[in-house]
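Colleague: Next come the chains, spelled out residue by residue.
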Amino acid sequence: MQRYIIRRAAEAVLALLALSIIIFMMVRLTGDPALLMLPPDAGLEALEDLRHSMGVDKPLMVQYGLFMGDFVRGSFGDSIRSKTPVSDLLKDRLPNSIKLVGAAFAIVLLISIPLGVMSAVYKGTWIDTLCTGIAVLGQAIPVFWLGMILIQVFTVQLGWLPSSGMGGFTHYIMPAFSLGFFTVAAITRLLRSSLLEALDSEYIKLARIKGLSEFKVVWKHALRNSLISVVTLGGIYIAILVTLGILVEVVFAWPGMGRLLYQGIVFRDFPVVQAVVMISAAIVISTSLLVDIAYAYLDPRIRLQ
Amino acid sequence: MAEIAREQEILTVKNRTLTKVTTALQGAPLIPLFIIVVFAFAALFADVITFHDSTLVILPDRLIPPVGFDGGSWSHPLGTDPLGRDILTRITYGARVSIIISATALGVGGGFGTMIGLLSGFYRGKIDTLLMRLADITLAFPLILFAILLVMVLGPSMLNVIIAISLVLWARYARVIRGEVLGLMERDFIARARVSGASDFRIMTRHLLPNVMPTLIVLLTLQVGWVIIVEASLSFLGAGIPPPTPAWGSMLADGREYVSSAWWVTTVPGIAIMLVVLAFNLCGDWLREKLDPKQRSV
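Chains G and D, in that order, give the protein sequences. The opening position of the first sequence corresponds to residue 20 in our numbering, with each subsequent residue numbered one higher. The opening position of the second sequence corresponds to residue 7 in our numbering, with each subsequent residue numbered one higher.
Hints in this document: simulated from the structure, not taken from any laboratory. Check before you lean on any hint, since a few could be wrong.
[Unchecked claim] Covered stretches of chain D, going by a simulated chain G footprint (3 or more residues, C-beta under 8 Å):
#1 232 to 239
#2 253 to 266
[Stated by the list, open to error] If the Cβ cut is set under 7 Å, some of the chain D residues that face chain G in the computed set are:
#3 Ala146
#4 Pro148
#5 Val159
#6 Gly244
#7 Trp269
#8 Thr272
[To be verified] To be clear about the criterion: a stretch of chain D counts as covered by chain G if any three or more of its residues have a C-beta under 8 Å from a C-beta of chain G, and this derived list gives those stretches:
#9 149 to 158
#10 282 to 293
Note that beta-carbon positions come from the ideal geometry of N, C-alpha and C, so glycine has one too.
Sequences and hints are given; from them, build the entire structure.
Modeller: Okay, here's the thing in structure tokens:
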């Protein structure tokens with residue numbers, strides 16, 4: 020168990036280090052890093068200053084040390100566009116993104132578990148076809164297009180829901196749904212197949228022979244074991260939600276990190292892009308580490324490996 | 007006599023190949039296959055089958071609705087975009103962009119990953135541990151974020167999008183193929199090949215590779231749709247194919263401001279992405295059932 024946790028933690032740290040080295044090297048191999056960090060109209064003096072503070076004239080190892088030191092202290096430089104420190108911009112945006120991902124995750128659980136259970140229980144009937152159909156469709160529709168369709172229907176045609184920004188409960192419905200739909204599809208399919216397998220097993224037969232109600236057999240005994248396969252991939256789902264969140268935030272003008280990243284791309288604001296990518300990657304990698312560790316506690320088979 | 011016999015032989019061979027093809031296609035999802043054929047055809051012959059320039063801006067023609075809607079005409083069957091470009095033409099050229107990117111990224115990433123998987127599973131030991139750790143680290147990267155970063159530094163271009171996707175893609179292939187190879191290495195035919203003096207290279211290319219082919223084909227098919235969505239997402243964010251080249255993702259981005267006034271600008275590329283991704287996913291599912299009984303879903 021300990022060995023497993025140490026291995027996974029080392030992997031996570033290495034992944035983050037590798038990402039930082041890639042950013043660091045890419046920026047330096049492709050030209051003057053100071054130029055990337057400054058607005059195009061900056062004077063020579065500003066360039067010299069920045070070169071000096073970034074230590075571009077020093078050996079690569081020292082430069083990397085400076086670069087990492089800045090990152091760890093949370094100093095990402097100034098945004099080229101708004102001239103304010105990137106860390107200030109992030110402070111306001113990060114909680115909003117987390118709220119959106121959280122809302123999407125709630126919707127995912129609320130929809131995919133009933134869908135997965137129903138399509139397994141009613142295997143081969145029209146209910147199964149419908150649920151699997153929704154699941155297959157969900158994996159083929161790009162989230163940002165789904166967001167636009169929802170806006171088209173519920174804002175433009177019906178006028179029921181607000182299409183942009185943050186506010187009350189109604190502001191969450193469309194962004195969270197479009198963000199979650201892809202994951203709903205993935206979990207529904209996974210849950211269906213693992214539940215079918217579980218329903219076919221010996222312990223379920225025993226539970227039925229014992230005379231338990233079908234409801235209890237499915238929702239308590241079979242589902243609990245099938246959910247393991249879902250939890251196994253929990254880290255992947257979080258990664259998907261965080262990255263797809265960027266696209267959804269752009270469609271719904273959600274004041275989160277994704278929108279910040281998008282503006283960073285559009286205005287070639289490299290300090291912003293670098294910071295958002297690094298932080299999102301850190302969130303993805305560390306949450307998937309936590310999920311894996313929690314999972315190892317829950318499932319003795321992993322623990323003993 | 008001999009000639010007739012030979013002719014008959016040729017005929018039976020022909021028949022056999024015909025039956026082979028028909029049995030191979032048994033139970034195949036025909037509509038998805040048809041969509042893929044149309045998609046490939048559009049990509050190949052984009053310059054022959056379209057009548058408009060895919061990038062030329064004609065502002066007086068902007069935002070013409072599709073045929074059948076008020077103001078629509080057959081000269082622009084699917085309407086025009088905010089810059090007056092024919093959407094059908096751009097969709098057709100966009101298919102070419104999608105196919106080039108997914109084919110190259112899957113070819114490079116999948117090919118490299120398969121090679122790593124073969125080496126790793128065959129030699130085991132330290133190389134294996136090192137390569138697999140590297141694969142796990144790569145799998146931990148969120149692909150879209152990584153690609154955005156790379157494209158920001160190197161500049162947006164088709165080549166850089168392909169590089170970014172391939173750099174992440176190889177890891178899954180390496181993992182899956184290695185797993186298969188580990189299983190195969192226990193089998194008798196590998197031991198026999200060894201005894202008969204086959205070189206490492208020969209065992210890997212002639213004995214292992216053909217046996218991992220079904221898994222590889224299934225994985226490749228299932229990932230075409232995924233690569234298309236990743237590319238569309240990157241182009242949508244402005245970190246993919248630079249304008250004015252028509253890519254489905256950037257077409258969606260062009261229409262974002264016009265969702266309320268000109269729905270067709272986003273609807274048409276959206277449907278195109280959905281149909282093609284759906285087609286590849288359904289074909290992948292079918293191939294998996296057919297080629298890979300182990301992974302057969304219940």
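Colleague: Please go over all the hints and tell whether each is borne out by the structure.
Modeller: Now for the hints, and whether the structure bears them out:
1. For the stretch 232 to 239 of chain D, the stated coverage by chain G is satisfied: 3 residues place a CB nearer than 8 Å to a CB of that chain, which reaches the threshold of 3.
2. Note: the stretch 253 to 266 of chain D has 6 residues with beta-carbon separation from chain G under 8 Å; the three-residue rule is met and the coverage holds.
3. Annotation: alanine 146 of chain D was flagged as interfacial toward chain G, and the flag holds, the nearest CB pair being 4 Å apart, inside 7 Å.
4. Below 7 Å, beta-carbon pairs count as interface contacts, and proline 148 of chain D has one with chain G at about 5 Å; its hint therefore holds.
5. Evaluation of the valine 159 of chain D hint against chain G yields a held restraint, the C-beta minimum of about 5 Å falling below 7 Å.
6. The restraint placing glycine 244 of chain D at the interface with chain G holds, with a minimum CB-CB distance near 5 Å, inside the 7 Å limit.
7. Because the closest C-beta pair between tryptophan 269 of chain D and chain G is about 6 Å apart, less than 7 Å, the hint holds.
8. Hint on threonine 272 of chain D holds. Least Cβ distance to chain G is approximately 5 Å, under the 7 Å limit.
9. Residues of the stretch 149 to 158 of chain D with a Cβ under 8 Å from some Cβ of chain G number 8, which satisfies the need for three, so the listed coverage holds.
10. Residue count for the stretch 282 to 293 of chain D with a Cβ under 8 Å from a Cβ of chain G: 4. That meets the three needed, and the coverage hint holds.
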